[in-house]
Amino acid sequence: MSGKQFVHPYIPNSEPAVKQQMLDAIGMTSVEDIYQGIPEHLRFKGEMQLPDPIISEYSCQRHVEGLLNQNRNAKNNICFLGGGTWNHYVPSVVETIMERDEFLTCYVGDAYTDHGKFQALFESSSMLGDLTGFEACNTPTYDWANAIAIACRMTARANQRTEILVAGNMSPDRLMVVRNYCKPEITVTKIGYDKNTGLMDLDDLKAKLSDKTSAVYFENPVYTGSLESQAAAICAAAKSAGAYSIVGVDPTSLGILEAPAAYGADYAVGEIQPLGLHMSYGGGIGGFICTKDDKEFVGEFPSLLFGLCETQQEGEYGFGEVFYERTSYASREKGKDFIGTTTALHGIAAAVYMALMGPQGFKELGEGILKRVAYTKKKLSEIPGIKIPVSGCSYCDFLVDFTETGKTVAEINKALLDYNVLGGKYMGGEFPEYGQSALYSVTEVHTVEDLDTLIGALKKICA
Amino acid sequence: MAKVKVRNNFQQARWNEPVIYELSTPGLRGIIPPLVEDAIEAGISEDACALPDGLKRKSSLDLPEVAQKQVLEHFLHLSQETMGANLANDMSEGTCTMKYNPRLCETLVANPGFADIHPDQDVDTVQGILKVYYDFEHVVKEVSGLDKFSLQPGGGNHAVYTAASVIRAYHESRGEAEQRDEIITTIFSHPCDSACPATAGYKVITIWPDEHGMPDYEAIKAAANEHTAAIFMTNPEDIGIYNIHADKIVETIHAVGGLCFYDQANANAFLGIARAKEAGFDMCHFNVHKTFGTPHGGEGPACGAFGVRESLAKFLPVPTVEFDGNHYYLDYDKPESIGRVREYIGQSAVVLKAYAWSMMMGAEGLKECAEISVLNNNYMLNLMEKIPGVAHAFQGNGIIRQEQIRYSFQPLREKYDIGSDDMNCRMGDYGIPWFWSSHHPWVIPEPMTIEPCESYTKENIEEYCKVVETVAKEAAETPELLKNAPYNTAMHRRIKEEELDDPEKWALTWRAYKRKHSL
Numbered sequence: 001m002s003g004k005q006f007v008h009p010y011i012p013n014s015e016p017a018v019k020q021q022m023l024d025a026i027g028m029t030s031v032e033d034i035y036q037g038i039p040e041h042l043r044f045k046g047e048m049q050l051p052d053p054i055i056s057e058y059s060c061q062r063h064v065e066g067l068l069n070q071n072r073n074a075k076n077n078i079c080f081l082g083g084g085t086w087n088h089y090v091p092s093v094v095e096t097i098m099e100r101d102e103f104l105t106c107y108v109g110d111a112y113t114d115h116g117k118f119q120a121l122f123e124s125s126s127m128l129g130d131l132t133g134f135e136a137c138n139t140p141t142y143d144w145a146n147a148i149a150i151a152c153r154m155t156a157r158a159n160q161r162t163e164i165l166v167a168g169n170m171s172p173d174r175l176m177v178v179r180n181y182c183k184p185e186i187t188v189t190k191i192g193y194d195k196n197t198g199l200m201d202l203d204d205l206k207a208k209l210s211d212k213t214s215a216v217y218f219e220n221p222v223y224t225g226s227l228e229s230q231a232a233a234i235c236a237a238a239k240s241a242g243a244y245s246i247v248g249v250d251p252t253s254l255g256i257l258e259a260p261a262a263y264g265a266d267y268a269v270g271e272i273q274p275l276g277l278h279m280s281y282g283g284g285i286g287g288f289i290c291t292k293d294d295k296e297f298v299g300e301f302p303s304l305l306f307g308l309c310e311t312q313q314e315g316e317y318g319f320g321e322v323f324y325e326r327t328s329y330a331s332r333e334k335g336k337d338f339i340g341t342t343t344a345l346h347g348i349a350a351a352v353y354m355a356l357m358g359p360q361g362f363k364e365l366g367e368g369i370l371k372r373v374a375y376t377k378k379k380l381s382e383i384p385g386i387k388i389p390v391s392g393c394s395y396c397d398f399l400v401d402f403t404e405t406g407k408t409v410a411e412i413n414k415a416l417l418d419y420n421v422l423g424g425k426y427m428g429g430e431f432p433e434y435g436q437s438a439l440y441s442v443t444e445v446h447t448v449e450d451l452d453t454l455i456g457a458l459k460k461i462c463a
Numbered sequence: 001m002a003k004v005k006v007r008n009n010f011q012q013a014r015w016n017e018p019v020i021y022e023l024s025t026p027g028l029r030g031i032i033p034p035l036v037e038d039a040i041e042a043g044i045s046e047d048a049c050a051l052p053d054g055l056k057r058k059s060s061l062d063l064p065e066v067a068q069k070q071v072l073e074h075f076l077h078l079s080q081e082t083m084g085a086n087l088a089n090d091m092s093e094g095t096c097t098m099k100y101n102p103r104l105c106e107t108l109v110a111n112p113g114f115a116d117i118h119p120d121q122d123v124d125t126v127q128g129i130l131k132v133y134y135d136f137e138h139v140v141k142e143v144s145g146l147d148k149f150s151l152q153p154g155g156g157n158h159a160v161y162t163a164a165s166v167i168r169a170y171h172e173s174r175g176e177a178e179q180r181d182e183i184i185t186t187i188f189s190h191p192c193d194s195a196c197p198a199t200a201g202y203k204v205i206t207i208w209p210d211e212h213g214m215p216d217y218e219a220i221k222a223a224a225n226e227h228t229a230a231i232f233m234t235n236p237e238d239i240g241i242y243n244i245h246a247d248k249i250v251e252t253i254h255a256v257g258g259l260c261f262y263d264q265a266n267a268n269a270f271l272g273i274a275r276a277k278e279a280g281f282d283m284c285h286f287n288v289h290k291t292f293g294t295p296h297g298g299e300g301p302a303c304g305a306f307g308v309r310e311s312l313a314k315f316l317p318v319p320t321v322e323f324d325g326n327h328y329y330l331d332y333d334k335p336e337s338i339g340r341v342r343e344y345i346g347q348s349a350v351v352l353k354a355y356a357w358s359m360m361m362g363a364e365g366l367k368e369c370a371e372i373s374v375l376n377n378n379y380m381l382n383l384m385e386k387i388p389g390v391a392h393a394f395q396g397n398g399i400i401r402q403e404q405i406r407y408s409f410q411p412l413r414e415k416y417d418i419g420s421d422d423m424n425c426r427m428g429d430y431g432i433p434w435f436w437s438s439h440h441p442w443v444i445p446e447p448m449t450i451e452p453c454e455s456y457t458k459e460n461i462e463e464y465c466k467v468v469e470t471v472a473k474e475a476a477e478t479p480e481l482l483k484n485a486p487y488n489t490a491m492h493r494r495i496k497e498e499e500l501d502d503p504e505k506w507a508l509t510w511r512a513y514k515r516k517h518s519l
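Those protein sequences? They're chains A and B, same order as listed. Start counting the first sequence at 1; every next residue gets the next number (my numbering). Start counting the second sequence at 1; every next residue gets the next number (my numbering).
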C-alpha cells in the first residue's frame, strides 16, 4: 500500500485532517506518543510479511471467489456425506433472518436493547425442548461434541462420580473432544456393541455399570447408521445404577422418533446444524443440551440461560439471565466450567427453522428420509460386492461396505467424482471391523434421480 | 465535519411480540419438505421403514404451527428489537472490539463454493478453502510472531481452554503433571483465564493489581514456584493499561519451569506494534471475531486462533492444515496431540471472513487499525474526563491508555445513588447499545468499559460522550428518571429479578413457563 492515496472505507478517522484535529485535541503530535506506554524492547520493530492488500472490495470478491471455485460443492455435485454435518435444505426465510445485521452483529448486550435476541434464543430453547421432551435447554454451545462433554461434566458434578460409559460406536471425533474435556478427573470407557445391528451390548453395559458410573452416553440414531431400539433399557439400566443417561440425537429425526425424555433419558444433546444451517465446511455447527427443569440439572449448566420475567410494563415479556451466579462470567474459577462466545446465531437460525417446520414438517421430513434411505440401501445391496453391514432401519446415515468389490473407498470416491458425486466418508480407519466401508447420508434434498445416479455410478465402478 | 447527532427522540422498535407459540393455529405450517417420488415409494417394501418398537414417536410434539409470512414477520420483529454493531454506535462493548463487519464477507460465505461444501470432503475437492485456512494462519503467525496455529477452537474462551489442555499435555510429557498443578492469572484478565484452567483441573492463583493498575509483579514472583504450570495473562488487561512488566513476568515464570500464555483478546491496538514473541510468550490466542473484523453473531459463531512456539506444536489439536508445495492437506499425524476440542477443523465461515478482511487490510492496514483505535480512545478519554460524575480506573497514574478504558460512575453512586446499570438503561433511550460494564467482581466500582475501535468516526465518539454527559446530568437532577429507565428501548425495566434465580419461578422454555404460571 505504499504511496497510499486513499482513506480506508473501514477506518474513517485515518482521514489526515480529522486525525490531525484529534491529535491536536489531546495535545499529541503523533500516535507514537500513545505507544510510548509500551517499553521499547517490547515493540515489534519489523514489518509483518503479508501480501499487498487487495484494496477494492470487488477485487477481493473476485480473489476469494476464485479460491472458492476450486472447491467441489453440493450444489453442482450430489453430496452423500453426513455423520455430523448434513446436506439439508436451508429455507430462504432462515437465510434472511441470519443475514440481518441486528442479529449478525450484536453481542453481549442486555435484553433492554437486545430484547429480540433474548426472545429468539428463548424460543429456540423452547422448541428444542419440545423436540426432546425437556423443559430446560441452554443457549447453544460450540457443537454436538462439546454438548456431550459438558453434559458429562454436569452429571459428574451432580452425582460426584468419576466415570462416563459411552457407546463404543459413537462418533470417534466427538469422543476425542469428550475425552479431552473430561480430563483429568473423569475417565471415559467404551461399551461394546453388536457389529451387525449397531446396538449396544447390554450385558457389557451392565457389567461396566458401577457406583463410579456418573452417566451413560449413547447416540440415537447410532453413528454407524442404525437406530438404538434398546434406548429405554439403557436409560433404565443407568438409572438403576444411580447414573444419569445422556442421549445424542439428530434433532430433525424427532418428528418420527420418540423424544428422549419419554424413554427415560436425563439429558438429550445434539447438533444444531441440520436445523437450517448450511454445511459451510463445518462452519454450520452448534450444540444443544436439554435436560430436566430441576436445580439438580439446571444448576450445573455452564452456559448462559435466558428466561422469561416480568417488567414494569404489565403484560410485557421481559427476559434476563437465569441463575447467572453459576457461570464463570460471574464467579470466575468457582463457576461451572467456563463459558464464552459460542454459536448463538445458529441457535436463532434453528429457531426460525423449527418454527417453519412445525410438527407436520418434522414428521414429513423424517418419513421422507426413512423412505429415501430404505430405497438407496435396497438398491445398493443389489449391486454385486456391495453390502449394507448394519441391519435395520436408518435415518440419514448408513454404512456401505465395498470390501468384496476389491476396491477401496478412496478409489471408489475418486471414480464417483466423474459422475459429480461426493461419496461417503471412509469408516474402516475408525471401525476396522467394517473393512472398506463408507458412511453415506441421504436426506430430503436427494431426488430419485440423484439416488439413481449414485446407484448407477456404483454399479459401473464396482463391476 | 459531519454533524454530531444526539438522538433525543429515539425509539427502538417495540412490537410487544408474542412468543411464537402464541401465534400457533393447528393445521398451519411454514414450509413443506420435498415430497417423496412415486419411484421411491414403489421401490421399497412397507416394512422397510418400520421403526423399532418403542422408538416411534408417541409423545406429542407441541411445536408452533405458523404460516410462512407470520414466521418471517415474527423474527423480523425480533431482529428489529436488537441492536447490532453494524447499525448502532457500538463502541459500547469494550473488550469486545465491535468493528464494522463488511457486508462483502456475508456475500462470500453465501457462495455455494463455501456454503455447500461438507467438512469431510476429500481434500482434493476443497483445495480452495484449505488455502484460505493456510493463508489466514500465516496472518496470525505474522501478527503474533509465533510458529504454529490451530483455528479449531470455537471462540476466545475455547482457545484459552485449548491452551490449558496443551499446558497439561506439555507437563505430562515431562512427567511433571502432578507436581505442576497451579495456574497464575490476574484479576483484570478475562474470567476464562481462571475458569478454563480450573476446568482442565488446575488450582488458580489470582494476582491483584498494584497501585498503578498493573498486575503486582512482586506478588507474581512470590506465587511462582515448582508447582506453577503456567501463567495466563491478558495485556493490556481489560482496563486498557499496557503491562510494562510483561517480559519480566515471562522470565519469572520460565525460571520456575512454567509456561506463559498470552490472552490476546485485546489485540486490536497492537497489530504490527507489539507481539507475543518479543515479550517471550510460549502461546497466545486471538479472538478472530473481534480483531479480524468478523461479526459477533450475538455470541458466536466465533473462532479462537490459538498459537504456539514450535516446540509446543506437537500438542496442538488435530488436524492441522499443511502445504507440501503444491497441495494442501490435513495432518493427523501428531501422536502427542491433545486430540480435539471441536469437530472438524474450525469455524470455517469466521475464518473465511477474517481471511477476506485481512487481505483487504494488508500489513499497513492492520497497523492503521491499531493506530486509529488508540487515537480514538485517547480522544474519547479527553472528552470523558470533562464530564462531571465520570471517573476511570487508576485515574491520574500517569500511564497513557491504549485501546480501551474502564470508566466508573462511582461519583454518581456516592452523590445520587445512581450506578452503572441505571446509566446503561437510560443511555439506551438515546439509541446507545448496552455498554459492557465489567466482569465480576467489580473491582472498579460502577464500571463502564468502552472501546472506540477504528470503525467509529470522530462524531460517533462525540455523540457517545454527549449522551454520557446528558445522562450523568439527568442523574444529578432527576435520579428517579434513571431508576425507572429505559423508556424507549424494546423492553422496560425488569421487576422481580430474583425470580430468575428461583427454581420454582424461572422459565427457560415456554413449556416450563406455562406450567409454572398455570397457563
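Note that these hints are calculated values from the structure, not bench results. Keep in mind it's a predicted model, so treat the numbers as computed, not measured. Some clues are possibly wrong.
To be verified - No more than 27 Å apart at the CA atoms, straight line, and that leaves these computed lysine-lysine pairs for DSSO-like:
#1 LYS56/B x LYS371/A
#2 LYS292/A x LYS496/B
#3 LYS387/A x LYS206/A
#4 LYS58/B x LYS183/A
#5 LYS148/B x LYS367/B
#6 LYS208/A x LYS195/A
#7 LYS363/A x LYS514/B
#8 LYS514/B x LYS292/A
#9 LYS45/A x LYS203/B
#10 LYS334/A x LYS363/A
#11 LYS208/A x LYS239/A
#12 LYS367/B x LYS131/B
#13 LYS334/B x LYS239/A
#14 LYS203/B x LYS183/A
#15 LYS203/B x LYS221/B
What the hints assert, rightly or not - Simulated coverage check for chain B against chain A, where a stretch passes if three residues somewhere in it have a Cβ under 8 Å from a Cβ of chain A:
#16 55-66
#17 197-203
#18 366-377
#19 435-448
#20 455-461
Each residue gets a CB set at the ideal place from its N, CA and C atoms; glycine is no exception.
Hints and how they fare:
Taken as a hint, the LYS56/B and LYS371/A pair is honoured in the structure, with Cα atoms around 15 Å apart against an allowance of 27 Å. Distance restraint check for LYS292/A and LYS496/B: the Cα-Cα separation of roughly 24 Å lies within the 27 Å cut-off, and the hinted pair is therefore satisfied. This hinted pair does not check out: LYS387/A and LYS206/A have alpha carbons roughly 32 Å apart, beyond 27 Å. Only pairs whose Cα atoms come within 27 Å are accepted, and LYS58/B paired with LYS183/A is rejected, the gap being roughly 39 Å.
The straight-line distance between the Cα atoms of LYS148/B and LYS367/B is roughly 22 Å, inside the 27 Å bound, and the hint therefore holds. A threshold of 27 Å between alpha carbons decides the hint, and for LYS208/A with LYS195/A the separation of about 19 Å falls inside it, so the pair holds. In summary, the hint linking LYS363/A to LYS514/B is supported, as the alpha carbons are separated by about 25 Å, within the 27 Å threshold. Only pairs whose Cα atoms come within 27 Å are accepted, and LYS514/B paired with LYS292/A is accepted, the gap being roughly 15 Å.
Straight-line distance between C-alpha atoms of LYS45/A and LYS203/B comes to about 37 Å, which puts the hinted pair past the 27 Å bound. A hinted pair counts as satisfied when its Cα atoms are at most 27 Å apart, and LYS334/A with LYS363/A does not qualify at roughly 43 Å. Distance check on the hinted pair: LYS208/A and LYS239/A sit about 14 Å apart at the alpha-carbon level, within 27 Å; holds. Between LYS367/B and LYS131/B the alpha-carbon distance is near 24 Å, which keeps this suggested pair within the 27 Å criterion.
Between LYS334/B and LYS239/A the alpha-carbon distance is near 39 Å, which puts this suggested pair outside the 27 Å criterion. With a C-alpha separation of about 14 Å, the suggested pairing of LYS203/B with LYS183/A holds against the 27 Å cut-off. For the given pair, LYS203/B sits about 17 Å from LYS221/B by alpha-carbon distance, which is consistent with the 27 Å threshold. Coverage of the stretch 55-66 of chain B by chain A holds. Counting CB-CB distances below 8 Å, 11 residues qualify, and the rule asks for three or more.
As drawn, the stretch 197-203 of chain B meets chain A at 5 residues by the rule of a beta-carbon pair under 8 Å; at three or more, the given contact holds. Judged by the Cβ-Cβ criterion of 8 Å, the stretch 366-377 of chain B is covered by chain A as claimed, because 9 of its residues qualify and three suffice. With 3 residues having a Cβ less than 8 Å from any Cβ of chain A, the stretch 435-448 of chain B passes the three-residue criterion, so the hint holds. Under the rule that three or more residues need a Cβ within less than 8 Å of chain A, the assignment of the stretch 455-461 of chain B holds, with 4 such residues.
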